[in-house]
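K.L.:
Each chain, letter by letter, is given below.
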Amino acid sequence: MSDKPLMSVRDLAVHFPLRGGLFGPKPVVRAVEGVNLDIEKGSFFGLVGESGSGKTTLGRALLRAAPITRGTIDYDDGEVQYDLPSLTEAQLKDYRKRAQLIFQDPYAALSPRMTVRDIIAEPLEVMGLTKTREETDARVREIAAKCRLNLEHLRRFPHAFSGGQRQRISIARALVSGPQFIVADESVAALDVSIQADVLNLLKDIQTDMGLTFLFISHDLSVVAHVCDHVAVMYLGRLVETAPTRDLFAAPRHPYTKALMSAIPSLDPDDRGKAEKLEGEIPSPTNPPPGCKFQTRCRFAIDICRKDEPKLEHSGKEHDVACHRWKELMQDQALEQA
Amino acid sequence: MTRLLDVENLTLQFDTDEGRITAVDNVSFSLDAGEVMGLVGESGSGKSVTAKSLMKLNASNAHYSDDTRITLHLDDGPVDIMSLRGKNMQVVRGGAISMIFQEPMASFAPAISIGDQMVEQLLIHTGMNARKAKEVSIEMLARVGISDAATRFKQFAFELSGGMRQRAMIAMALSTKPKLLIADEPTTALDVTIQAQVIDLMKDLVDEFGMGIIFITHDLGVIAQTADSVAVMYLGRLVEQGPVREVIRNPAHPYTQGLLAALPSLDDLDTSLQPIPGDIPSPLERPPGCVFNTRCNQVMRDVCSSTIPGFSTESGTHRVACHLFPQSPAKEPAK
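Residue numbers (the numbering used here), protein chains in the order written: chain A, 225 to 562; chain P, 45 to 379.
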């Protein structure tokens, strides 16, 4: 790994204005608020959260596909350095080649009227990356082989493929422009388990082979645990905890992270009812609670949690958490276990 | 335990433009009152179609085989569901059998309030008057953990959050006091923390109302947490069946084993994920012999691709349809 991170995000905010508010200020949805994040080059970075946590919006902001309200994103892949919120037209065009997105639903992401070859070749043609048809075809074949698609597949239309194969086509299309950074937004959520493992292994292989950096967005903690080397947990637009995967799963600090882990249905039928249950639901981002955003559902919330918003602070090597009481809670837990 | 449901030789085909396809092939199972049966399978396995057959909800291009027999045992005698026609179907649809769907937004009419929809079915299926029906509906909404039920009663589906909508759906399905509840992926569209709440709620309700539940899901974790017994389907056929502990701890069919190995588990982060090789074949090209033979890692060349495996008796109630196991005499080749 190089010493400088590929992406360095500081105090990033993405707000969406809402209609209404005839009097006074217009209401806004603070989809992402005050996020600080470093994504190392060559890492498989996981972003976890429930619906409404802002994970997709954050991913899109890093692709310059969501309006950035405030903050900086420094991008440095060794060849170029960009300040993402203030790219020129030409720079943005270049950045599109370097950063790509793999979508969730492989049924909706592929045009039914194009052959697989044309689907994969389209980014090359649009971006003008290849000069001749032969060059395009050679590039398409090379990428298709990497994604375990054969030549015969290239002539067919998407409807002839299963979900897993379609997702491999989407991956090939994202890779064809030779990107450095890939955002995979719930890319295996729509797949069956027996197929999901195959696509995850493929993503992992590609990342290692081509030295890419992945932002892997998912609601599924167990999937994230298996493929990512670093994980960030989001809640209501804020990062609440970020750590190397093993640290996070061995010693989660934030009560929300713990609750998320505990909510995964265990495969052991004798574990029934042991899980720590979270009450209530994620509040609306138009009207977030004061103080810590998680205080309405947190059983450890005290007065300070309802007044002051906790900042992300170091709680160990590369392990950051935004909770007023994490130290106390860790001590209590250690006592309980002793 | 009293027997609630018997399904024998359920075979269902659909006429499509590309020809007649087999969606469910010779599926038999039983369910007792108060039992929660998990029906597991991936897309195209026929699990939803099987469930819909119990209320004959499949589209008009569906053909049931002549020997398909579905019997619902009610207090006043058995009901032969295959022979029900027209208005008689109301005995089971929304009456003795209720169903919860995956996407609650799509299951509620968007322009009718939640309350009106709940009252309507009570008026159809029970002898209640409108006032009593409203009372029961509000009570039911409160019972599934919806706060301020009287206000929610007047609201529309879009005004509720996803978890709330699924609770309302459950309240609606249970208010007619069905004997059998079919839950088709009821927690799949929900976030994990909400899923855990809904699972808890359903478990409480089984204890309270004592109905039988068929819980359809692709998530074996959800099955482990809710079901008493499991039936695993693949490409329209039942491949393994048994008590939940047995099937999850000692899976016998290579497909069940593969499903469990493909699941990412938090307890073991060091082993890489093991996909089941290949893709699920199209129902138009169902493999001959055992339907799983194209992806099986223990396939035996001759027998698996030519002979359909019968059910074995593994240990009492644990059954598996695979040539690796000695099979029931009817299907076993003569020695």
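You may find that some hints are simply not true.
[Unchecked claim] Cross-link-like lysine-lysine pairs, in silico, DSSO-like; alpha carbons within 27 Å at most:
1. P:LYS221 x P:LYS96
2. A:LYS317 x A:LYS355
3. P:LYS176 x P:LYS131
4. A:LYS482 x P:LYS131
5. P:LYS131 x A:LYS501
6. P:LYS221 x P:LYS247
[Unchecked claim] A few chain P residues facing chain A, derived, Cβ under 8 Å:
7. GLU86
8. THR232
9. VAL236
10. VAL288
11. PRO308
12. ASP323
13. PRO327
14. PRO331
[Claimed, not checked] Residues of chain P clear of chain A, computed beta-carbon distances all greater than 10 Å:
15. PHE73
16. GLY78
17. ALA153
18. SER205
19. ASP235
20. ASP244
21. VAL266
22. LEU317
23. GLN342
I should point out that these hints are in silico values taken from the structure, not numbers from a laboratory. All of these numbers come straight from a predicted model, not from anything done at the bench. Every residue gets a Cβ at the ideal spot worked out from N, C-alpha and C, and that includes glycine.
K.L.:
It remains to establish, for every hint, whether it holds in the given structure.
P.N.:
Cross-check of the supplied hints:
1. P:LYS221 x P:LYS96: Cα-Cα ~19 Å, so holds.
2. A:LYS317 x A:LYS355: holds (18 Å)
3. P:LYS176 x P:LYS131: holds (25 Å)
4. A:LYS482 x P:LYS131: Answer violated: LYS482 of chain A to LYS131 of chain P is near 51 Å, above 27 Å.
5. P:LYS131 x A:LYS501: Outside the cut-off at roughly 44 Å; violated.
6. P:LYS221 x P:LYS247: holds (15 Å)
7. GLU86: Holds: closest Cβ of chain A sits about 4 Å from GLU86 of chain P, inside 8 Å.
8. THR232: Constraint on THR232 of chain P not satisfied, violated at 10 Å.
9. VAL236: holds (4 Å)
10. VAL288: holds (5 Å)
11. PRO308: holds (4 Å)
12. ASP323: Hint holds; ASP323 of chain P Cβ to chain A Cβ min 4 Å, cut 8 Å.
13. PRO327: At 12 Å from the nearest chain A Cβ, PRO327 of chain P fails the 8 Å test, so the hint is violated.
14. PRO331: Since chain A brings no Cβ nearer than about 15 Å to PRO331 of chain P, farther than 8 Å, the hint is violated.
15. PHE73: It holds; PHE73 of chain P is separated from chain A by about 19 Å at its closest Cβ, greater than 10 Å.
16. GLY78: About 16 Å separates GLY78 of chain P from the closest Cβ of chain A, which puts it past 10 Å; holds.
17. ALA153: holds (23 Å)
18. SER205: violated (6 Å)
19. ASP235: Incorrect as stated: the minimum Cβ-Cβ distance to chain A is 4 Å, not above 10 Å.
20. ASP244: Contrary to the label, ASP244 of chain P does not stay out of reach of chain A, its closest Cβ about 7 Å off (not over 10 Å).
21. VAL266: Nearest chain A Cβ is 5 Å from VAL266 of chain P, so the label is violated.
22. LEU317: Label violated. Min Cβ-Cβ 4 Å, cutoff 10 Å.
23. GLN342: holds (15 Å)
In this structure, the earlier hints numbered 4, 5, 8, 13, 14, 18, 19, 20, 21, 22 are contradicted, and the remaining ones agree with it.
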